[in-house]
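Turn these sequences into a full structure, and let the hints guide you.
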Amino acid sequence: MQVRGTLSWTAAAACVVATLALQSCGRRPPPVAPETSPPPPPAAEERTPAPRPVPPPPAPPPVVPLELPPEDEFARRTLEELNRESPLEAVFFGLDSSELDDQGRTAADANADLLMRYPTWVVTIEGHCDERGTPEYNLGLGERRALAAQQYMVQLGVEASRVRTVSYGKEFPFEPGHDDAAWAANRRAHFVITSK
Amino acid sequence: MMMNSILRRVSWPSCVIAVALLLVASGQARQQDGVDLVIGGDVGRPPNFAVPDCLALTPDAATAEAARTIAEVLWADLEFEREFRMIPRDVYRTIPPARSIGDLSFDRWAELDADGVVSCTVRALSDSQLEITARLFSVRSFDNAFSVQYTGTNTNLRRYAHQLSDEIHRQQRGVAGVARTRIAFVSDRDGESVLGLVEDRPVKEVYFADYDGANIQRLTVTRILNLFPAWSPDGRSIGYTSYLSGFPDIVVSHLFEGRMTTPANGTMQVHNSLSAFSPDGLRVAFNSNRDNSSDIYVANVDGTNVQRLTFNPAIDTSPTWSPNGQQIAFTSDRAGQPQIYVMSVDGTGTRRLTYDTYSDRPTWSPAPFNEIAYSSKTGPGHDIKVLDLSTSEVRQVTFGLGSNESPSYSPNGRHIAFTSSRGSGRKQIYTVGRDGKNLRRLTSTGNNETPSWSR
Numbered sequence: 000m001q002v003r004g005t006l007s008w009t010a011a012a013a014c015v016v017a018t019l020a021l022q023s024c025g026r027r028p029p030p031v032a033p034e035t036s037p038p039p040p041p042a043a044e045e046r047t048p049a050p051r052p053v054p055p056p057p058a059p060p061p062v063v064p065l066e067l068p069p070e071d072e073f074a075r076r077t078l079e080e081l082n083r084e085s086p087l088e089a090v091f092f093g094l095d096s097s098e099l100d101d102q103g104r105t106a107a108d109a110n111a112d113l114l115m116r117y118p119t120w121v122v123t124i125e126g127h128c129d130e131r132g133t134p135e136y137n138l139g140l141g142e143r144r145a146l147a148a149q150q151y152m153v154q155l156g157v158e159a160s161r162v163r164t165v166s167y168g169k170e171f172p173f174e175p176g177h178d179d180a181a182w183a184a185n186r187r188a189h190f191v192i193t194s195k
Numbered sequence: 000m001m002m003n004s005i006l007r008r009v010s011w012p013s014c015v016i017a018v019a020l021l022l023v024a025s026g027q028a029r030q031q032d033g034v035d036l037v038i039g040g041d042v043g044r045p046p047n048f049a050v051p052d053c054l055a056l057t058p059d060a061a062t063a064e065a066a067r068t069i070a071e072v073l074w075a076d077l078e079f080e081r082e083f084r085m086i087p088r089d090v091y092r093t094i095p096p097a098r099s100i101g102d103l104s105f106d107r108w109a110e111l112d113a114d115g116v117v118s119c120t121v122r123a124l125s126d127s128q129l130e131i132t133a134r135l136f137s138v139r140s141f142d143n144a145f146s147v148q149y150t151g152t153n154t155n156l157r158r159y160a161h162q163l164s165d166e167i168h169r170q171q172r173g174v175a176g177v178a179r180t181r182i183a184f185v186s187d188r189d190g191e192s193v194l195g196l197v198e199d200r201p202v203k204e205v206y207f208a209d210y211d212g213a214n215i216q217r218l219t220v221t222r223i224l225n226l227f228p229a230w231s232p233d234g235r236s237i238g239y240t241s242y243l244s245g246f247p248d249i250v251v252s253h254l255f256e257g258r259m260t261t262p263a264n265g266t267m268q269v270h271n272s273l274s275a276f277s278p279d280g281l282r283v284a285f286n287s288n289r290d291n292s293s294d295i296y297v298a299n300v301d302g303t304n305v306q307r308l309t310f311n312p313a314i315d316t317s318p319t320w321s322p323n324g325q326q327i328a329f330t331s332d333r334a335g336q337p338q339i340y341v342m343s344v345d346g347t348g349t350r351r352l353t354y355d356t357y358s359d360r361p362t363w364s365p366a367p368f369n370e371i372a373y374s375s376k377t378g379p380g381h382d383i384k385v386l387d388l389s390t391s392e393v394r395q396v397t398f399g400l401g402s403n404e405s406p407s408y409s410p411n412g413r414h415i416a417f418t419s420s421r422g423s424g425r426k427q428i429y430t431v432g433r434d435g436k437n438l439r440r441l442t443s444t445g446n447n448e449t450p451s452w453s454r
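In the order they appear, the protein sequences are chains A and B.
If you're matching positions, the first sequence starts at 0 in numbering that gives the first Met the number 0 and goes up one per residue.
If you're matching positions, the second sequence starts at 0 in numbering that gives the first Met the number 0 and goes up one per residue.
Check before you lean on any hint, since a few could be wrong.
Stated by the list, open to error - Quick list of simulated restraints, FRET-style, between CB atoms: (1) A:R75 - B:A213: 22 to 32 Å; (2) A:D112 - B:N291: 23 to 33 Å; (3) A:A159 - B:T154: 48 to 58 Å; (4) A:D179 - B:R440: 42 to 52 Å; (5) A:P175 - B:R440: 15 to 25 Å; (6) B:T152 - A:D179: 51 to 61 Å; (7) A:G93 - B:E198: 38 to 48 Å; (8) B:V37 - A:S96: 54 to 64 Å; (9) B:R440 - A:S96: 28 to 38 Å.
Bear in mind the hints are in silico, worked out from the structure with no lab data behind them.
Ideal Cβ positions, reconstructed from N, Cα and C, are used throughout, including at glycine.
As structure tokens, this is what we get:
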């Protein structure tokens, strides 16, 4: 699934780096994972070096110079492209829970910041559940999760009209697996930019 | 013994639109003279029945095929209710088909311990028209217990067998067969993706099949998510939860009028799901968030007279009507985990029914049974359980193979359709007897789930 790549929850800790990378690079930002890191740009000295000697990198991704401010970068992308490598982060939930934990609030804070910077954006918060509940009840649980994320965003000052909600229950899992990691990845409020 | 001879002609409309085949064939009132001959078995066991291939009275290949298909389907239909013990068809392939009762090899059928034999003929009247006759003979008394004649088109041969089976069940056993009923469900079987801003999401569209899984037909072509189909009692409409407008709302497809309505009047803010028609077909119960909480509502099918029935901040969802329309059972997590509750149709007198780990999707049985089937978490997955409302006893009908969810009763209350992930892990539609026996899988392509059995 395309959206999974940049939104993988395990990479959530690296979200700030990811956001920076998205904004400063071209259509194909370098991967966050450092194993095959491109030649270190001067601004990226804080990155941990690769553990092994790195072979000469194959064709590095074309580095778009920094003359384009991020605003223009987002403006140039279609909604489909934006959502494929979304700058908005998912909020993850515990089993049967619809409460935002610290990590969830951090993600929602970052999303609220972005929405403040791009005041024309309208997002839909999709509520999702893991596969273990029933499809009927999960529709309600997904709605509860989407509403919890929406209410938190509104508390942060985002207009309610810019954050719509929809529940998809357990119908659209992001991770196809049937283990704890997949279930955790699928209990989420997923942010989709619906207009900009 | 009085011979009961029922000769009927049922005219089958030649319909262009496939859905029109849903129409119950409008047969004339049944003529019945004298007392039915009921074929019994030995004491303590159901009668043994045989259905050899029909005799093709015209020499073309299509008629030969029809003669085989009708017998094959009838055999399976007669087996389904478990009122007859069906002798496998391979056993009697060498017995020559009978043209008349005089032709019937009674000795050979008696050798097989058959109590009843269905003897049928198929004749082509034209390129598209058939004439089918069927008789049920008692092997012991040499008598004709039942006979019928149909003429009609050759477009859906299985339908003749289904009608014949329902008539034999009614005449011989007083049982309302379900061979002409249909099961609606949602499926991703056509491998399409949702049109939307997030890629690679499989669509779920509404389909329906005959009760045995044959004749699968697609109802919706929306390229979007559709869930929880539910038949209207007259079989002329299917309500379902559709994301057609970007949010979940109740859509009712009126199959014979080619139109859709949205009785719950959803908007970007007001989301509705999980519709259930009242037994009189005039009202629909559903879940809605319109008052900023997930609650049960009832409206007229035309969308007027919306009434809120639950006023709890918890999730109240998945309504099902009692057969007399006076009560509604539903799921609520007001006590923490989802459990089944029941209330009067005016929203009063709420009572908790289940104390399981996690219960959902109650479905009230038709009369004469007075029970509610539901899904209950029994381990990693769910199983189908049945709560007998007169004794408060709970019995389990599936046992831990995969996850078993979303039960729906057959109109005679003797069977339950449900979703199961047993086997491959893909979700498929199964039916099982209310005693937990006679399990059958109806689907095999893609994922198929949330069945609704037509009345």
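Hints and how they fare:
no.	hint	verdict
1	A:R75 - B:A213: 22 to 32 Å	violated, 53 Å
2	A:D112 - B:N291: 23 to 33 Å	holds, 27 Å
3	A:A159 - B:T154: 48 to 58 Å	holds, 55 Å
4	A:D179 - B:R440: 42 to 52 Å	violated, 30 Å
5	A:P175 - B:R440: 15 to 25 Å	holds, 23 Å
6	B:T152 - A:D179: 51 to 61 Å	holds, 56 Å
7	A:G93 - B:E198: 38 to 48 Å	violated, 28 Å
8	B:V37 - A:S96: 54 to 64 Å	holds, 60 Å
9	B:R440 - A:S96: 28 to 38 Å	holds, 35 Å
The structure shown violates the earlier hints numbered 1, 4 and 7.
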